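Start from the sequences, fold in the hints, and give me the full structure.
Chains as they are written, first to last, in my numbering: chain A, 1 to 114; chain B, 1 to 119.
FYI, nobody ran anything at the bench for these hints, they're computed from the structure. Keep in mind that this is a model prediction, so the values were computed, not measured. No incorrect hints appear here.
Example chain A residues on the side facing chain B (calculated, C-beta under 7 Å, incomplete): (1) Gly43; (2) Arg50; (3) Asn95; (4) Ala101; (5) Gly105.
Here are the simulated DSSO-like pairs of lysine-lysine, each with C-alpha atoms no more than 30 Å apart in a straight line: (6) B:Lys62 with B:Lys11; (7) B:Lys44 with B:Lys83; (8) B:Lys44 with A:Lys38; (9) B:Lys71 with B:Lys11; (10) B:Lys44 with B:Lys71; (11) B:Lys11 with B:Lys83; (12) A:Lys38 with B:Lys78; (13) B:Lys11 with B:Lys44; (14) B:Lys78 with B:Lys15; (15) B:Lys83 with B:Lys15; (16) A:Lys3 with A:Lys38; (17) B:Lys78 with A:Lys3; (18) A:Lys3 with B:Lys83; (19) A:Lys38 with B:Lys11; (20) B:Lys78 with B:Lys44; (21) B:Lys62 with B:Lys78; (22) B:Lys83 with A:Lys38; (23) A:Lys3 with A:Lys70; (24) B:Lys83 with B:Lys62; (25) B:Lys44 with A:Lys3; (26) B:Lys62 with B:Lys44; (27) A:Lys3 with B:Lys62; (28) B:Lys44 with B:Lys15; (29) A:Lys70 with A:Lys38; (30) A:Lys38 with A:Lys16; (31) B:Lys15 with B:Lys62; (32) A:Lys70 with B:Lys44.
For each residue, glycine too, the CB sits at the ideal point set by N, CA and C.
Spelled out, the chains give:
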Amino acid sequence: AQKVTQAQTEISVVEKEDVTLDCVYETRDTTYYLFWYKQPPSGELVFLIRRNSFDEQNEISGRYSWNFQKSTSSFNFTITASQVVDSAVYFCALNPTGRRALTFGSGTRLQVQP
Amino acid sequence: EAGVAQSPRYKIIEKRQSVAFWCNPISGHATLYWYQQILGQGPKLLIQFQNNGVVDDSQLPKDRFSAERLKGVDSTLKIQPAKLEDSAVYLCASSLDPHGAGGDAYEQYFGPGTRLTVT
Numbered sequence: 001a002q003k004v005t006q007a008q009t010e011i012s013v014v015e016k017e018d019v020t021l022d023c024v025y026e027t028r029d030t031t032y033y034l035f036w037y038k039q040p041p042s043g044e045l046v047f048l049i050r051r052n053s054f055d056e057q058n059e060i061s062g063r064y065s066w067n068f069q070k071s072t073s074s075f076n077f078t079i080t081a082s083q084v085v086d087s088a089v090y091f092c093a094l095n096p097t098g099r100r101a102l103t104f105g106s107g108t109r110l111q112v113q114p
Numbered sequence: 001e002a003g004v005a006q007s008p009r010y011k012i013i014e015k016r017q018s019v020a021f022w023c024n025p026i027s028g029h030a031t032l033y034w035y036q037q038i039l040g041q042g043p044k045l046l047i048q049f050q051n052n053g054v055v056d057d058s059q060l061p062k063d064r065f066s067a068e069r070l071k072g073v074d075s076t077l078k079i080q081p082a083k084l085e086d087s088a089v090y091l092c093a094s095s096l097d098p099h100g101a102g103g104d105a106y107e108q109y110f111g112p113g114t115r116l117t118v119t
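Below, the structure written as structure tokens:
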């Protein structure tokens, strides 16, 4: 069985602060994909990143960075110099073997105050 | 390239009534998913189609929910009769045939969702 845990229900920061969203996953599959999605108030799920289980390199994309650590089954997401537009619910998701549906965490609501 | 289309965007019905949602996936995407997202939770899979065949419907409440994907393109999800606990956003997603090469084939693209309120 697969499971994704996002222990932080809600985080509130002030603009320009850095913030890290935690994600811990469980799977028995040796091959799997991990994802982060953003869900703004409009409701649509916006894809942010995909990582496969064989690639543990950290990734940086602008103000976003991701830290994948297989040893701790974690795939954390950091926003540097947060902005009000980053306010949304962020979901971590797992896709074992890449052929099945996504298993989502419960989401972390990020509020960035001006 | 057009994204995943869903209609209606909003629906309000009374309990015991029936409702249907429609999804048009991205052209060429063989796999289609319906997810249910209850307020404050992450999306949960209801049913997964590969072309017009069902891959996984283990979490679909089959006594009241049904879904079809005729001709392997558009899909319809129906609830009959609706219960109060069915109030949620119903998300449709599609992906390329996962039997293709590369991680891009596994990426799921989501539609805007249908927000259902059952009163």
